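**Student:** Which chain is which? The protein sequence lines are A and B, in order. Going by the working numbering, the first sequence wraps up at 151, each residue one higher than the last. Going by the working numbering, the second sequence wraps up at 140, each residue one higher than the last.
Please keep in mind that the hints were generated in silico from the structure rather than gathered at the bench. Model, not experiment: these values are computed from the prediction. Hints may be right or wrong, so weigh each one.
Said to hold, decoys possible - With a straight-line cut-off of 25 Å between C-alpha atoms, the simulated DSS-like cross-links for lysine-lysine are:
# : chain 1 : residue 1 : chain 2 : residue 2
1 : B       : Lys51     : A       : Lys83
2 : A       : Lys83     : B       : Lys20
3 : A       : Lys73     : A       : Lys83
4 : B       : Lys74     : A       : Lys83
5 : B       : Lys42     : B       : Lys85
6 : A       : Lys74     : B       : Lys74
7 : A       : Lys74     : B       : Lys54
8 : A       : Lys73     : B       : Lys130
9 : A       : Lys73     : B       : Lys128
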Amino acid sequence: MDVVVQLQRQLADHTASLFHEGFLNDQFNQLQQLQDESNPDFVVEVVSLFFEDSERLLNELAKALEQQAVDYKKVDAHVHQLKGSSSSIGAQRVQGVCIPFRNFCEEQNIEGCLKCLQQVKHEYSLVKNKLETLFKLEQQLIAAGGSFPTL
Amino acid sequence: MFGKGASSSKSMEIIGSEKKFSVLIVDDDPIIRKIHGALVSKFTTEIQEVKNGKEAVDLCRSGASFDIIFIDKKMPIMNGLEATKELRAMGVNSTIVGVTSCDLSSERNDFIAAGQNQCYEKPLTIEKIKSLLSELNKNN
Chain A
1 MDVVVQLQRQ
11 LADHTASLFH
21 EGFLNDQFNQ
31 LQQLQDESNP
41 DFVVEVVSLF
51 FEDSERLLNE
61 LAKALEQQAV
71 DYKKVDAHVH
81 QLKGSSSSIG
91 AQRVQGVCIP
101 FRNFCEEQNI
111 EGCLKCLQQV
121 KHEYSLVKNK
131 LETLFKLEQQ
141 LIAAGGSFPT
151 L
Chain B
1 MFGKGASSSK
11 SMEIIGSEKK
21 FSVLIVDDDP
31 IIRKIHGALV
41 SKFTTEIQEV
51 KNGKEAVDLC
61 RSGASFDIIF
71 IDKKMPIMNG
81 LEATKELRAM
91 GVNSTIVGVT
101 SCDLSSERND
111 FIAAGQNQCY
121 EKPLTIEKIK
131 SLLSELNKNN
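Construct the complete structure from the given sequences, taking the supplied hints into account.
**Tutor:** In structure tokens, the structure reads:
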């Protein structure tokens, strides 16, 4: 099979699975619509900012929840930020865990908070891998001389 | 739908005409600044960005003026509500639009009471900006 056609099919399947499995929502489509000739790397740039921000926040959260006297206000502020940045790129499974996480902060429930931290780390690493695969497929397709398939 | 002040705002005279309108984006989150900047760039090229309410107030105090100011609620140093009050006290008549990741249903009154014309949940979308521009034109 022609390499370009094969890559286009792989990319279309991978993208569809990201939405179908709920990793991404329509907000990610919105970002893709903003990418144009004047802004060719827009999606990669925004998602890279999301990776940087999330990793910083996840480290801060782990540190804050290790303390003897947990500052729940601080934990909640970090989770609020993570909810905002995940919602901005459409990473809805990460965003989804932030909702019970904030409730556990309000209840000052350490077990609940620690459980949510593990869940949000897991969801973040899944969506990060999926997005990296997506960008890699796009690069391969461009290198092979193809263009993005229309979903 | 719009709070007090919208009908007198400077943007009324400009949006929909040939002239480009100017926009200030105020948000501490670099992801939001980037997304909102790209969204607004679909409508105008006159865009500035600052990281908190104090920077917005300082910019306007130094003589800069904008047709529309999109402002976040939760920001360090000076939040969006404080900044809006300060801007209105200075006589700034831009259309000020609150953009928040908080629950809008419970906070809309705070935004309007502070002097904002409209508020949206984050993130902005092309549809939300189109609807804002169409409301501004309707009120013109």
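**Student:** Each hint: holds or not?
**Tutor:** Results of checking the hints against the structure:
About 19 Å separates the Cα atoms of B/Lys51 and A/Lys83, which keeps this hinted pair within 25 Å; it holds. At most 25 Å may separate the alpha-carbon atoms for a hinted pair to count; A/Lys83 and B/Lys20 exceed this at roughly 34 Å. Restraint check for A/Lys73 and A/Lys83: the C-alpha separation of about 15 Å stays at or below 25 Å, so the hint holds. A C-alpha spacing of about 13 Å is found between B/Lys74 and A/Lys83, which places the hinted pair at or below 25 Å, so the restraint holds.
Between B/Lys42 and B/Lys85 the alpha-carbon distance is near 29 Å, which puts this suggested pair outside the 25 Å criterion. For the hint pairing A/Lys74 with B/Lys74, the CA-to-CA distance comes to about 14 Å; that is within 25 Å, so the pair holds. Distance restraint check for A/Lys74 and B/Lys54: the Cα-Cα separation of roughly 23 Å lies within the 25 Å cut-off, and the hinted pair is therefore satisfied. Between A/Lys73 and B/Lys130 the alpha-carbon distance is near 37 Å, which puts this suggested pair outside the 25 Å criterion.
Taking the CA atoms of A/Lys73 and B/Lys128, the gap is near 32 Å; set against the 25 Å cutoff, the hint is violated.
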